[in-house]
Every structure is written in structure tokens, then in C-alpha cells.
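Chains as they are written, first to last, in our numbering: chain A, 1315 to 1415; chain B, 7 to 250.
I should point out that these hints are in silico values taken from the structure, not numbers from a laboratory. This one's a predicted model, so the numbers in the text were calculated from it and none came from an experiment. Keep in mind that a hint or two might mislead.
[Stated by the list, open to error] List time: in silico DMTMM-like cross-link candidates among lysine to aspartate or glutamate, alpha-carbon distance up to 20 Å:
{"no.": "1", "chain 1": "A", "residue 1": "K1391", "chain 2": "A", "residue 2": "E1349"}
{"no.": "2", "chain 1": "A", "residue 1": "K1355", "chain 2": "B", "residue 2": "E43"}
{"no.": "3", "chain 1": "A", "residue 1": "K1391", "chain 2": "B", "residue 2": "D40"}
{"no.": "4", "chain 1": "A", "residue 1": "K1391", "chain 2": "A", "residue 2": "E1336"}
{"no.": "5", "chain 1": "A", "residue 1": "K1346", "chain 2": "B", "residue 2": "D25"}
{"no.": "6", "chain 1": "A", "residue 1": "K1346", "chain 2": "B", "residue 2": "E37"}
{"no.": "7", "chain 1": "A", "residue 1": "K1346", "chain 2": "A", "residue 2": "E1336"}
{"no.": "8", "chain 1": "A", "residue 1": "K1346", "chain 2": "B", "residue 2": "E43"}
{"no.": "9", "chain 1": "A", "residue 1": "K1355", "chain 2": "A", "residue 2": "D1325"}
{"no.": "10", "chain 1": "A", "residue 1": "K1355", "chain 2": "B", "residue 2": "D25"}
{"no.": "11", "chain 1": "A", "residue 1": "K1346", "chain 2": "A", "residue 2": "D1325"}
{"no.": "12", "chain 1": "A", "residue 1": "K1355", "chain 2": "A", "residue 2": "E1398"}
{"no.": "13", "chain 1": "A", "residue 1": "K1339", "chain 2": "B", "residue 2": "E43"}
{"no.": "14", "chain 1": "A", "residue 1": "K1391", "chain 2": "B", "residue 2": "E43"}
{"no.": "15", "chain 1": "A", "residue 1": "K1339", "chain 2": "A", "residue 2": "E1349"}
{"no.": "16", "chain 1": "A", "residue 1": "K1391", "chain 2": "B", "residue 2": "E37"}
{"no.": "17", "chain 1": "A", "residue 1": "K1339", "chain 2": "A", "residue 2": "D1325"}
{"no.": "18", "chain 1": "A", "residue 1": "K1355", "chain 2": "B", "residue 2": "E37"}
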Amino acid sequence: MRSDTVRRSSDCSILVMASLAEWPKHGFALIKDIEGFAGVKLGPGSLYGALARLEAAGLVEPLRTTGDTRRPYRITKAGRLLLESTRGAGDGLRYEAAASA
Amino acid sequence: MNRRLSRWLLALYPRAWRDRYGPEVSSLTDELIDAGETTPMRAGFDLTFSAVSERGRALSRPRKVLATAMALGLMLILGFALTGHQQAGGSQTTWTAVGAGCAVTFKGHGRPENAVTFKGHGKPQNAVTFKGHGKPQNFVGRVVKGQSWTNVAGKRAHAFTVVIARPKCGMPRLACKSVSLVAPPAPKLAPGSLRATFSKQRAAPPPKRWTVNTRVKAPTAVPSCVIAGTGIQVNKPTPANQSK
């Protein structure tokens, strides 16, 4: 993925959705996965800022856990549709890594 | 990262965000530092910048509410400033009080804590200058007393006691504050001018009539003789004269 084609304001959300498109992950796994396929190392604040925005928009949702602070998140149908439409539009973003995964 | 520092940085986030994601962020930060994925300084910077971003987002969300509140605040400030300017003494305010059988008109100047000068009409019909302390905007009062009268420079001044009422609350607060209105000092007269003083003059008491009950004797004839050659008349000795 070319990081220079991704605008900073929305790339975190796209990367998080792309990562969650495979399977549900918690914060640590998300950071490691995004670093693996996009080469971007997100901080905890950036990651949870993106997760909060996505959750407020109904694009991701937390999975229920019992008393564990490592709460996993998964993408919703709306989030998956949005991700697909973004891929289709091209939009300067390349999701080669995510698609290959 | 130090837990205390982590908690302090999380306090920078909006409360709702902190309540929802705070434990997860704190746990993830510790986990990343323990795993050597990030350094405490880098994590701290990331949390700080994210907190600023979230704060800005939280402020921009209720933009309409914020704009309405700002407009209301501005209107309040403007209204207060205009009212304060009017009360600050730029313009003269006329207050009217009616009561106790006479109407009194006040003209007030100045700030509330300053002395206020009033002009009154009424009983007596002469214009009287008063000095009072208090809030001029509250001088919608009632004249409840008007008994003492004094002569000041040929004019009759009237000492009024005004019970101040607050017109804003609708119901006058009697005995909220009373102002004694005193007459001004007598003006200095130029030399040679006539000073008119007024004072009551008591009518002179009627003259007393004295009645004398002594008996008045009729004058008695004294025998006399004329010394020859001198013309001097000498009374003749009487028995009373001889005894002396």
C-alpha cells in the first residue's frame, strides 16, 4: 500500500475497517495487523480515535466480553458495504494487501 | 508508561470518550510498551494529539447549540453593557413618587453608590434640592413622611423620608431603604445685599393697667411773709417745722 496516497484524516478508519474485514480483532492485534499489511504503526490514541468514530457511525461494533479490557471489534454490514464501495471507487487508495489477505 | 501519567493523559479526553474507551486505551498502551512496540514518550505524544483531536471534535459536534449559546451570551453582555451605561450616569433619569398626599419628582444622576441629587415638587410648592444615597433606579418610592419644615434661605424645604421600592420585582419593598432628604446649605450672599430672615414675631402683650388705691390729699396753704427790702418770701414756721 502506498501510504502517500492516503490522506491522514481518513486513512486510520479505512485501515481499521480493512483489518477488521478479515476477522474480529482487539486493539493490539489491530495495530500489529495494520503494521503488517500497510506498514503504518498506529498509536493507541489514534487507533481508538478511529474506532470511536467508526463505532459512532455504526461501521464497527464491539464484541461482548466478560470483564476483559482487550475488547475485540468487528466490522458491521454497513462497514463492509462502505469498504467495498470505497474499493470500487478507487479513490486513490490501494488495498492490495488487504485483498490479498 | 507510568500509570499516573497515562491516567493524566486520559483525563485530557472528553469525559464520555474517556468513560467508554479509557480502560481499553490504558491497557493497550501498557501492552504495547511491555511488548516493546512503542516507547512511553511516543505513546504519550500519540495520546496527547488524539486527545486534542477528540476535544475539537466534541466541540464541533453541537455546533448549533454552541452558536445559540454564544449568541445568547453576547446578547446578555450587550444588554448588560447598555443598561449599565445608562445607569452609569450618562443620562438623567426622572423618577416619580407619589404618596402621603404630595407628589415628588426626583432626578437622579450617577452610579448607585454615588450621591444622587433630586429635585422635588410638592408640598410646599417650592422646588427643593435633596441629596440622597442609594440606587437611583430604585427610587420609585413613596413619600411617607413630610412633617418637618425648615426655613432655608428664604425657601421652605421639606424633609422627606422616601421608602425605596424596587420596581423590577413588582412589589415594593417597604422599608427596604430610607433616604433622608436634606435641604441644601444657604447660598452666600454678596456684601451689601439684603438678607431676609423669616421668623415668627410674637405679638406684644397688652399693657398692664395699674390701679392705685392711695388717697391723694389736697394741698394746704402755708403762711408766708416777705422779707422787707429783699423780696424773699419765707414761709412761716409751723409746728411741724419747729420740731425739726
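Hints, one by one, checked against the model:
For the hint pairing K1391/A with E1349/A, the CA-to-CA distance comes to about 25 Å; that exceeds 20 Å, so the pair is violated. With a C-alpha separation of about 9 Å, the suggested pair K1355/A and E43/B falls inside the 20 Å cut-off, and the hint holds. For a cut-off of 20 Å, the pair hint linking K1391/A to D40/B is broken: about 35 Å separates their Cα positions. For the hint linking K1391/A to E1336/A, the alpha-carbon distance of about 13 Å falls within 20 Å, and the restraint holds.
For the suggested pair K1346/A and D25/B, the alpha carbons sit about 25 Å apart, so the restraint of at most 20 Å is broken. Distance hint between K1346/A and E37/B is fulfilled; the C-alpha atoms sit about 12 Å from each other, no more than 20 Å. This hinted pair checks out: K1346/A and E1336/A have alpha carbons roughly 14 Å apart, not beyond 20 Å. Between K1346/A and E43/B the alpha-carbon distance is near 9 Å, which keeps this suggested pair within the 20 Å criterion.
With a C-alpha separation of about 12 Å, the suggested pairing of K1355/A with D1325/A holds against the 20 Å cut-off. Restraint check: the Cα-Cα separation between K1355/A and D25/B comes to about 25 Å, which exceeds 20 Å; the hinted pair is violated. Proposed proximity of K1346/A and D1325/A is supported: the alpha carbons are some 16 Å apart, at most 20 Å. As the CA atoms of K1355/A and E1398/A are separated by approximately 24 Å, the hinted pair breaks the 20 Å bound.
Straight-line distance between C-alpha atoms of K1339/A and E43/B comes to about 17 Å, which keeps the hinted pair within the 20 Å bound. As the CA atoms of K1391/A and E43/B are separated by approximately 32 Å, the hinted pair breaks the 20 Å bound. Among the hinted pairs, K1339/A with E1349/A is consistent with the structure: their alpha-carbon atoms are about 14 Å apart, no more than 20 Å. Restraint check for K1391/A and E37/B: not satisfied, since their Cα atoms lie roughly 30 Å apart, outside the 20 Å limit.
Between the alpha carbons of K1339/A and D1325/A the distance comes to roughly 18 Å, so the proposed pair stays at or under 20 Å and holds. Note on K1355/A and E37/B: the hinted pairing holds, with a Cα-Cα distance of about 15 Å set against a maximum of 20 Å.
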